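Start from the sequences and build out the full structure, keeping to the hints where you can.
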Amino acid sequence: MGKRWSPGLFCFALLIAFDSAFAAQTEPITEKDKSRIRRSSASRPARAYPWKTNIVTTVFWIGEQPGGNNLVPNRTSAWDKQWAKSYGGFEDPNLAHRRGYVPIKFMPQQNPFYYALPYNDKAHTGHRTEAPRVVPWFQEAYRGSAVSTCKDRWVAIRITGITRTKGKFMGQELSTHKRATDVFVKCDGRWQCVLTHLTRFIKK
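Number 52 in the numbering used here belongs to position 52 of the sequence shown; there are no gaps in the numbering.
Note that these hints are calculated values from the structure, not bench results. Treat each hint with caution, since some may be false.
When the alpha-carbon atoms are kept at most 25 angstroms apart in a straight line, the in silico DMTMM-like pairs for lysine to aspartate or glutamate are as follows [claimed, not checked]:
#1 105 - 92
#2 105 - 64
#3 105 - 80
#4 151 - 130
#5 81 - 130
#6 151 - 140
#7 151 - 64
#8 81 - 152
#9 85 - 64
#10 151 - 80
#11 151 - 92
#12 81 - 92
#13 81 - 64
#14 85 - 152
Quick caveat, the model's predicted, so the values are computed rather than measured.
This is how it looks when you write it as C-alpha cells:
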C-alpha cells in the first residue's frame, strides 16, 4: 500500500483503540456480568455494521519514542505490553527505510496498518463494564476475560485523500488532481486494497 494520500477523511467499519490509560479508570466485569455473556453459534450469519465517518485519528509508528508534540511512547498497546517486540522492531517512518507501510529492515509479525481510536474494551482485569453494551459484536467475539473483543476486529477501512496524475494524453501534457477513495479489507491476515474510486476535481 503506497502512502499516496494525505490524511483527510477516515471511515472505519469497526472500533479499535490503544488507549491503555482509559483502562485505569474502569472497573472489571463481575461474576454477575459474566452470566450475561455467551458465545454465539458459529452458524450465525455475519451482521453488517454501519460505516463510522468523520473520525479524528493520528498516524503513528509502532515502537517510536515520545518527542515534540507526541507525548505517548508507542512501545506498548492496550493489549500488548511488549508491542514493539511482538511486532518485530521499530517501525521507522523514514520513507527511505520503508516500502509503503512495511519496514525494510524486518518483516512485521503483526498488521502494519494501524490507526488509534479512543476506546479500549479492556480494564486492568477483565473487560470494561459497559463493553457488552457498546461493542456490537461483544457476545459473539467473547473468548474469556483476558481476551479483547476489539483487537483485530477491523473489517474494512475507507480512506479518502488527494492524488495527482501527470503525463501525456494524445501528445498533450496532462496534470489533474483527484480525490482517491481506497477500500481495504483483511484477507488471510493481510490488508489488501480491493477498490479504488477516483473523482476528478479542480484544485483551487
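These are the hints, each one checked on the structure:
| no. | hint | result |
| --- | --- | --- |
| 1 | 105 - 92 | holds, 9 angstroms |
| 2 | 105 - 64 | holds, 15 angstroms |
| 3 | 105 - 80 | holds, 22 angstroms |
| 4 | 151 - 130 | holds, 17 angstroms |
| 5 | 81 - 130 | holds, 23 angstroms |
| 6 | 151 - 140 | holds, 14 angstroms |
| 7 | 151 - 64 | holds, 20 angstroms |
| 8 | 81 - 152 | holds, 16 angstroms |
| 9 | 85 - 64 | holds, 12 angstroms |
| 10 | 151 - 80 | holds, 10 angstroms |
| 11 | 151 - 92 | holds, 23 angstroms |
| 12 | 81 - 92 | holds, 19 angstroms |
| 13 | 81 - 64 | holds, 14 angstroms |
| 14 | 85 - 152 | holds, 18 angstroms |
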